[in-house]
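Add chain Z to chain D, keeping to what the hints say.
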Amino acid sequence: MFKALRASLALLAAFTLLLGLLYPAAVWLIAQTAFSHEANGSLISYQGKIIGSALIGQNFTGERYFWPRPSASGEKPYAFSTAGASNLNPANPALIDRVREHIAVLSNAHETQSGTIPADLVTASGSGLDPHISPAAALYQAGRVATARNISLERIHALIKAHTENKTLGMIGERRVNVLLLNLALDRASGDRP
Amino acid sequence: MSFLSLPFAWWAQLALFFVILLVAMRPFGLYMARVFSGERTFLTPLMQPIENVLYKLGRIDPHEEMDWKTYTVSVLMFSIIGGLALFLFLLYQPFPDISADLALNIAASFVTNTNWQSYAPETTLTTTSQMIGLAVQNFLSAAVGFAVLIAFLRGLARDSSKTLGNFWSDLVKGVLYLLLPLSFFFALFLVTQGVVQTFGEASVVSPLDPTASQIIATGPVASQVAIKQLGTNGGGFFTVNAAHPFENPTPLSSFFQMLAILLIPAASAVCFGAMTRRHGDGRALLWAMFLFLIPLALVSLMAEHQANPLLKALGVDPALGNMEGKEMRFGVFGSTLWASLTTATSSGSTNAALDSFMPLAGLIPLLFIHFGEVVFGGIGSGLCGLFVYVFLTVFMAGLMIGRSPEYLGKKIGIFDMKMVSLIVLIPAFLTLGGTALAVMTQAGQNGAGNPAEQGFSEILYALSSASHNNGSAFGGIKSNTPFYNILLGLCMLLGRFGVITAFLALAGSMAAKKSTPASAGTLDTTSPLFIGLLVGVIAIISVLTFIPALSLGPVAAHFHLMAAGGLG
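Protein chains in written order, with the working numbering: chain D, 1 to 194; chain Z, 195 to 762.
With the rest of the complex left out, here is chain D (with noise of 0.2 Å):
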């Protein structure tokens, strides 16, 4: 009993030391060695300021940028600190209500689409944080982005291309665009920001 109890109190204490301070420490070296950016936060600067990262989601609401998936996070949508989902159920009321409104709102926007809407514009992520949405989410809201931009419908088709990725290898994940980055060159091309 008190062999066994000695043998713990010092593996405890030795292993503290190696796995809790010795290991994360030495990733941290390496990481931010050999990949700073990443091991950063993948950040973002425009003009000499951070204006996200390109992992995390942000909430656009203007007329002029393309509109994120909707965000359940805490008290207001892509709050980092409460990120979170809606844990709605399938059948869940307050759920269907949700995505009405949000149908509502988005048929609103966009009188010219007639058909229907892409999934991920009404159904909240696992995160509340998700950076990407659907390229048929992004080509639904091109009509009003250009017109608000007054730039032609052409050039902002070819900006979702240019910032649709792909599957790795071709099947693994899901076709997306990433709603920040895409956002950004917006304002490059419109020269709101040179």
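Hints listed in this document are in silico derivations from the structure and should not be mistaken for laboratory results. As the structure is a computational prediction, the values presented were derived from the model and not from experiment. Among the clues, some could well be false.
[To be verified] Lysine-lysine pairs mimicking PhoX-like chemistry, simulated, CA-CA at most 20 Å apart: (1) D:K3 with Z:K263; (2) D:K3 with Z:K250; (3) Z:K605 with Z:K356; (4) Z:K506 with Z:K263; (5) Z:K708 with Z:K605; (6) Z:K356 with Z:K708.
Chain Z in isolation, oriented as in the chain D frame:
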């Protein structure tokens, strides 16, 4: 709803995934067998000096053989000390304050390899608590589970022996030769994908759209996510776990995290074959696991591939499937396969909201947990659990053909069957008893986050997850209350250490037996017939135990949705 409706890319991904797993597990399992048989490996020159220092500090003689009781006492002592230290560490972390019941829950959760998360890490824990408290237990609880498996395998391999090896040596070897090197390289891979590893301050963002402000926090995430997956722990650095872009930024990071979750549990079956020199029996166990995993994963993929009929009726395009609670980069396939793999093992990590899955797709993770997490299972504990079902199968087959049951030449006696029964019954009793208690009390009912059947499913899922040491959740449940923190904490502790004690007693009993050579009347435990029987026994035992509860939850929800939306 049919298998044929699934997209080709899904089949291709499934094939790629399992081919990589099958190729990787063999050399890895053989390596593990060498490590725990005390043979030299390529890491010995590097790790031996560290090993010696650790033994010296603990005044441990790594060659001292332990009987099952000493082995058990050592396991329990090490876990109690680790749990107590973590509990106090959390209780006295400088900021924010943690209630005693929550600290108990977290400590129980991490020392039992469960990683149930009642708390929101972002707002509850300091980086220090995560790194020094939780991540260390991620390593140690996994290594403890693995040590128990190694002791169990020695029990099967040895002949007329009183002992099962040395726990301290098995623990140290598990960390130094297995988990630490793997985690180190996996963490670096994750960083290349965008998982953060920094001690820097949070960044305040000035976004393009001035209506959106954001504060982006980071931390030493990669080092923690690596061990969380390799050790089948599953506790996230962030609340939303592997759905968070900083934990799982790309489809590739998700793919390799799934492989990391399955690698050691699958390689363990190879290790078993090598340690007992019965490769055929190891392969038979793998067959049984795959016979569960692949069909059930396919059922859940089919259920998610169909979109929610209630949304379709509103004019939502069904092409992407059921996207509520899922990340765009993973899509339905990457989220649904993940859910199957993390509940088949005891990982419990999630990259999507299971609560928002279609009812049948939500049923599959529950079923995997109810099978006792023996389909690959948690590191160490999963394969031990599968042996228990093997004994049960051999016993039933013995009854049918009128011969005394034996496995690997060892006769299975009354004491062994008592232990087998305990191991099957403890988690079942905790799950169903706990669920009954929760649904009968106001404090329990208050936890339900969704209405109707789904509220019940959330409670059932929480108790199943805790009692079987999985850690995943139907996330809508509000479980950070004294009632759930204490109830789930107890379920985790009893479900882990009650079962481990019985495992080791069984291992001791096996080791003491004399192995008799096979004769014409010996049941062949490598034949397809036996594999089929084993699958049947697992299915019948778990289904009979849990079907009544499941039919009140996900099954009822499925019919509810069918009636409302015309589900095929």
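So, going through the hints one by one against the coordinates:
no.	hint	verdict
1	D:K3 with Z:K263	14 Å, holds
2	D:K3 with Z:K250	13 Å, holds
3	Z:K605 with Z:K356	16 Å, holds
4	Z:K506 with Z:K263	60 Å, violated
5	Z:K708 with Z:K605	8 Å, holds
6	Z:K356 with Z:K708	11 Å, holds
In summary, the structure is inconsistent with hint 4 from the numbered list given earlier, while agreeing with all the others.
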